[in-house]
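Number of protein chains: 4
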Amino acid sequence: MKVKVVINGFGIIGKRVADAVKKQSDMELIGVVKAHQSYSANIANELGYPLYIASSTNKEDFLKAGSKIEGTLDDALQMADVVVDATPDKVGKANAEIYKKYKNLKAIWQGGEKADIAEVSFNAMANYEKALGKKYVRVVSCNTTALCRSIASIKEHYNIKEVNAVIVRRAADPSETTKGPINSLEPALHIPSHHGPDVRSVLPDVNIQTMAVKAPTTLMHIHSIIMKINENASAEEILKIFENAPRIRIFKENDKITGTAELIEYARDLGRARGDLMENAVWKEGLNVVDKTIYYYQAVHQESIVVPENIDAIHAMFEMFKDKNSSIKSTDNTLGISKN
Amino acid sequence: MKVKVVINGFGIIGKRVADAVKKQSDMELIGVVKAHQSYSANIANELGYPLYIASSTNKEDFLKAGSKIEGTLDDALQMADVVVDATPDKVGKANAEIYKKYKNLKAIWQGGEKADIAEVSFNAMANYEKALGKKYVRVVSCNTTALCRSIASIKEHYNIKEVNAVIVRRAADPSETTKGPINSLEPALHIPSHHGPDVRSVLPDVNIQTMAVKAPTTLMHIHSIIMKINENASAEEILKIFENAPRIRIFKENDKITGTAELIEYARDLGRARGDLMENAVWKEGLNVVDKTIYYYQAVHQESIVVPENIDAIHAMFEMFKDKNSSIKSTDNTLGISKN
Amino acid sequence: MKVKVVINGFGIIGKRVADAVKKQSDMELIGVVKAHQSYSANIANELGYPLYIASSTNKEDFLKAGSKIEGTLDDALQMADVVVDATPDKVGKANAEIYKKYKNLKAIWQGGEKADIAEVSFNAMANYEKALGKKYVRVVSCNTTALCRSIASIKEHYNIKEVNAVIVRRAADPSETTKGPINSLEPALHIPSHHGPDVRSVLPDVNIQTMAVKAPTTLMHIHSIIMKINENASAEEILKIFENAPRIRIFKENDKITGTAELIEYARDLGRARGDLMENAVWKEGLNVVDKTIYYYQAVHQESIVVPENIDAIHAMFEMFKDKNSSIKSTDNTLGISKN
Amino acid sequence: MKVKVVINGFGIIGKRVADAVKKQSDMELIGVVKAHQSYSANIANELGYPLYIASSTNKEDFLKAGSKIEGTLDDALQMADVVVDATPDKVGKANAEIYKKYKNLKAIWQGGEKADIAEVSFNAMANYEKALGKKYVRVVSCNTTALCRSIASIKEHYNIKEVNAVIVRRAADPSETTKGPINSLEPALHIPSHHGPDVRSVLPDVNIQTMAVKAPTTLMHIHSIIMKINENASAEEILKIFENAPRIRIFKENDKITGTAELIEYARDLGRARGDLMENAVWKEGLNVVDKTIYYYQAVHQESIVVPENIDAIHAMFEMFKDKNSSIKSTDNTLGISKN
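Protein chains in written order, with my numbering: chain B, 1 to 340; chain E, 1 to 340; chain Y, 1 to 340; chain U, 1 to 340.
It is worth saying that the hints were derived from the structure and are not from the lab. Don't take every hint at face value.
Just so you know, same-sequence chains aren't split out, so a pair can sit in one copy or run between any two.
Okay, derived cross-link-like pairs now, DSS-like style, lysine-lysine, Cα gap no bigger than 25 Å in a straight line [as the list claims (entries may be wrong)]:
| # | residue 1 | residue 2 |
| --- | --- | --- |
| 1 | Lys161 | Lys228 |
| 2 | Lys64 | Lys256 |
| 3 | Lys292 | Lys228 |
| 4 | Lys284 | Lys59 |
| 5 | Lys155 | Lys228 |
| 6 | Lys256 | Lys179 |
| 7 | Lys292 | Lys161 |
| 8 | Lys93 | Lys114 |
| 9 | Lys64 | Lys284 |
| 10 | Lys179 | Lys90 |
| 11 | Lys134 | Lys4 |
| 12 | Lys155 | Lys339 |
The structure displayed is predicted, hence computed values, not measured ones.
Extracted from the complex, chain B is given alone in its bound form:
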């Protein structure tokens, strides 16, 4: 029997999770839910994704634009085992009241919501087991996901004393054209930034502080990470850990991939849908160890990096896989991001 999934919100994250669910043989996409008319409603129709609307108020807008609608959010939820909430930040909180009306409905929120919205804040590599059988789970944000992945990988082999990370954030997604700045760098005042505490919602015993600077680019974030460990380690050893970890991809200087633009070009060249790079990108030559301090950069594709985590969250909540490795392996195979 397939797990029946509704995606509430068909934006940057929602549309990608919908694509991913369609690729799972043990899940069924009941429908996607949109609040406001836009061209993507017609795309949902074209792709054959049953389209629901958040409220019947806007129905006319959709019909006028030629969209075919199956019903409202409530109609969709009645048929669902789990709803993946991919609505804009803070809307998910209001939606929680709706979801709770359905006794047997499980729910997943994204990292734009606060940690207390769910029973567990989730990252597959860092705390898969915590979500086993849970009803309400929160998949952490793109930046937190990337930090959890690489930190959790190292944590399996070394005792982490302290992590400091500086996040250079893309100011807007490619399609968010009303957002600036066009030519400015903006520090996240109030230090530490919210990313550090958010990592601790997944990995409570990691001592991490974060700073962040917003930059006028749309493609990816870059993290500069400074991690102190208690043992000696070499750059080669850390590199090997990353090479063996799922969802972390190593690039080398002679790949001629000097930054985020070439990383996205690489994903396009690989034939990845939408040019998505769901893995952390780490540069071999951008990794070093000096005096028990590990330095590395990682690039983070904010549009897609949480997509496999949402699939894993469903795996855990319905106990479809008991351990993280099996879940990750299955997810990555279906999404075409396995390492081998």
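Guided by the hints, dock chains E, Y and U onto chain B, whose structure is given.
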């Protein structure tokens, strides 16, 4: 018997033409040729495209990076019926000497070369028939291709008196990260710009002048076109012409597609490989007719717009289709850009 | 006796007009008026500009930030002969009701307001005389001002048959950091754009249509202008007209000024306050005449180009100078932008 | 008797140092030297700066563009007490051979040259005394200068255990329009980046490592600094140190200065020539102390920050001031950047 195609140059255009050739049941991709090692050599390997190198001088670089090489350009050309030259501007001219050594080898160049490199400057919608049976053909540049498409469409119905077009050029392709400017607008001095004469290399009787301004963006160009015709026409009539033309796609204001970023997002959402939009994009509300003057904007995806034209050029040179409509229909079906 | 001036609004335009008024020996800056607290309130204090606030509601905010306040808008208006409204678009309309309460108060609005707010839409070179003795005047927007300047210059020598202009707009001013897009080009749908009719509010007998494309840059606009005249003319003749016109500055290719970034660098190098370039910038090599059609580019510094026009408007309204040439000469001398 | 100064190189740094030298009552600007013709040669003429050319080879270019030339580099050096080399990176090394031919000529290089070009790598706040009476001095780069300033300030009060800094670099200066990227983030591979060792060329006992990410912006760099000290300290105490330090300017959240664009706007509003901000900019709310670790951001105006340091270097080399405080006070007064 399939037409055997070599692609010389595996950059922005070359890799897309290779993908397109692979989709043609009546063509065979003999190989792709690279001059310098980069990650895309390995991608050619991964995609199963036989990889050749321009000269054996750089062989070691490729082997060191783990690439599998089939031979050199000359090895590939010996097996080919036609070579598509997609090398950087002006390199194609030097290559011409090489190609001419092969008696039965036909060749296609791109618009970065001057018109006199070939027998005919080509655009499928504008002068398909001129290339029938020809040995040497030049597919015109992205801007010229887009201009030819929309001008040729209107020219079938009206007498064009004069065209003025202002081209806002993207300053660099997404992967061209060394090019600026970051924050400047740069006019193309020396008016008219080269685009106007280039249109006349395809449509010699069109009276067209062009101006151009470079802008700090990577996604697409936008043309602002001012076309005087001798007859009366309404905006609706011109819109209908574009709706019926192949490779011109109409967008409407309530699609919420306000510019080039959303156009590319649209292409990604449609599942287009690399997020390519091979069609001219025209906005319904950005088209008007005032006093026998037609005004319209068209957006041009410089990375991909000439790809179908290269396939059509092969069709014409080998007389695989005798008329443009059959060729375009076949090409567009294989590339997934047919209108219906 | 000096003309007493209040500047309502101390943003991009207001602060520059305040600087300009301070440089006039026959004007007195009564004060500048701010609606909301920000660092520029303290700068007004530092510069010795009497600071007033739009409403006493926000007084605490200003006091807390250490600003010294002289009173409210009404306090300032009671002392004024003229108010220059430099508030955000559409706020000026609401302010009109306030200004009208003061019988002897004249008022100037900017181009963000509609033409019917004032008795005359004004550009010094195009229609100075129309504003002589007037009570309510609207200085047209940056784009319209630049178009009026160069069109009026040519109109003195040739009969203009038709003008088409394509405006590449900077998407945001340097300090407008919340505005995007970061990487997109956006056409102004609904052709012709509003700029054409706005030129006709100043030059009613010029047949002009405009199109516009927004680009991700902050420094200046660039216009591509296509002007048909009834007589024969050479590029040299048109160039000479521009060379002799005030507020139009010619740049040559070997100045190595390839675009708007170098133009602003040039203004900084000249020691211009804020790096402002109040003149139209025209490139010699970007000007040509083909078949009675004049083609030229002009770059427009949207932050400062209307500043001298505001001073001229005061000149005209108080009949301080009876003809445009005397007014322009005086204004340009005080602002340091005279040609000789 | 005035110190006679030649500025070799009239680019971003050179033109600013020339302006600064002109403001010193105890220095005389012998001339500025340019290698290639551009509009700035004419600006040197307009500003009354005697213009020399690097070699007589290009003389014709200058004369054709109407520039007035006083002679060659050698002519200027013969009259000079000190040459400030502001030529492009690595050219200064070749120039060293020329300078050494003049027995009594002292020389200053910029941070683009390696440390071993001079006797001492210099920052006024960090090691003024080391340059007293020296013949050859190197003023460190913009990033190193900013790091030295804030680190040296804290070092006077606390024992610094370790510093990690992540530098978000502007990819190009405003006038460097050929440089990209337009939409990418590029990490500086090979960790630690060169900035850390460069700080140690001035402050040899500071344990510092640096990482760097290039961003598509032109205005300023932003540093995220993580500094471990041996003692307890509060954010207020560190803030007070910065408030009392010269050349460090504090901004507060309610100044509404959210990033580098508003910082530059602030400098323009202050009437600073070229909109230059020669001080480190530190945000009060972007400074915190957690467990003996100081976190702060500083913004760095790469075009101008080293200008006062060049004046101080001359002070030290000619022992015009025996201690740093007197030199800094004098320099800052003449440049208009004193705190009180």
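How the hints compare with the structure:
Taking CA atoms no more than 25 Å apart as the test, Lys161 paired with Lys228 passes in both settings, with 5 Å inside one copy and 14 Å between copies. Taking CA atoms no more than 25 Å apart as the test, Lys64 paired with Lys256 passes between copies only; the shortest distance there is 14 Å, against 48 Å inside one copy. Taking the closest pair of Cα atoms, Lys292 and Lys228 come within 25 Å of each other both inside a single copy (6 Å) and across two copies (16 Å). Proximity of Lys284 to Lys59 under the C-alpha cut-off of 25 Å is restricted to the inter-copy arrangement: shortest distance 24 Å between copies versus 52 Å within a copy.
With identical chains, the CA atoms of Lys155 and Lys228 are at most 25 Å apart both within one copy (11 Å) and between copies (23 Å). For the identical chains of this complex, Lys256 and Lys179 are inter-copy neighbours only, at 15 Å across copies versus 30 Å inside a copy, given an alpha-carbon limit of 25 Å. Within a single copy, Lys292 and Lys161 get their C-alpha atoms as close as 10 Å, and across copies as close as 15 Å, so both meet the 25 Å cut-off. In this homomeric assembly, Lys93 and Lys114 come within 25 Å of each other (Cα to Cα) only inside a single copy, at 8 Å, whereas the closest approach across copies is 43 Å.
When the C-alpha separation of Lys64 and Lys284 is checked against a cutoff of 25 Å, the pair qualifies only between copies, where the shortest distance is 16 Å, while the shortest distance within a copy is 53 Å. Taking CA atoms no more than 25 Å apart as the test, Lys179 paired with Lys90 passes in both settings, with 18 Å inside one copy and 22 Å between copies. In this assembly of identical chains, the alpha carbons of Lys134 and Lys4 lie at most 25 Å apart only when taken from the same copy (16 Å versus 58 Å across copies). Proximity of Lys155 to Lys339 under the C-alpha cut-off of 25 Å is restricted to the intra-copy arrangement: shortest distance 21 Å within a copy versus 48 Å between copies.
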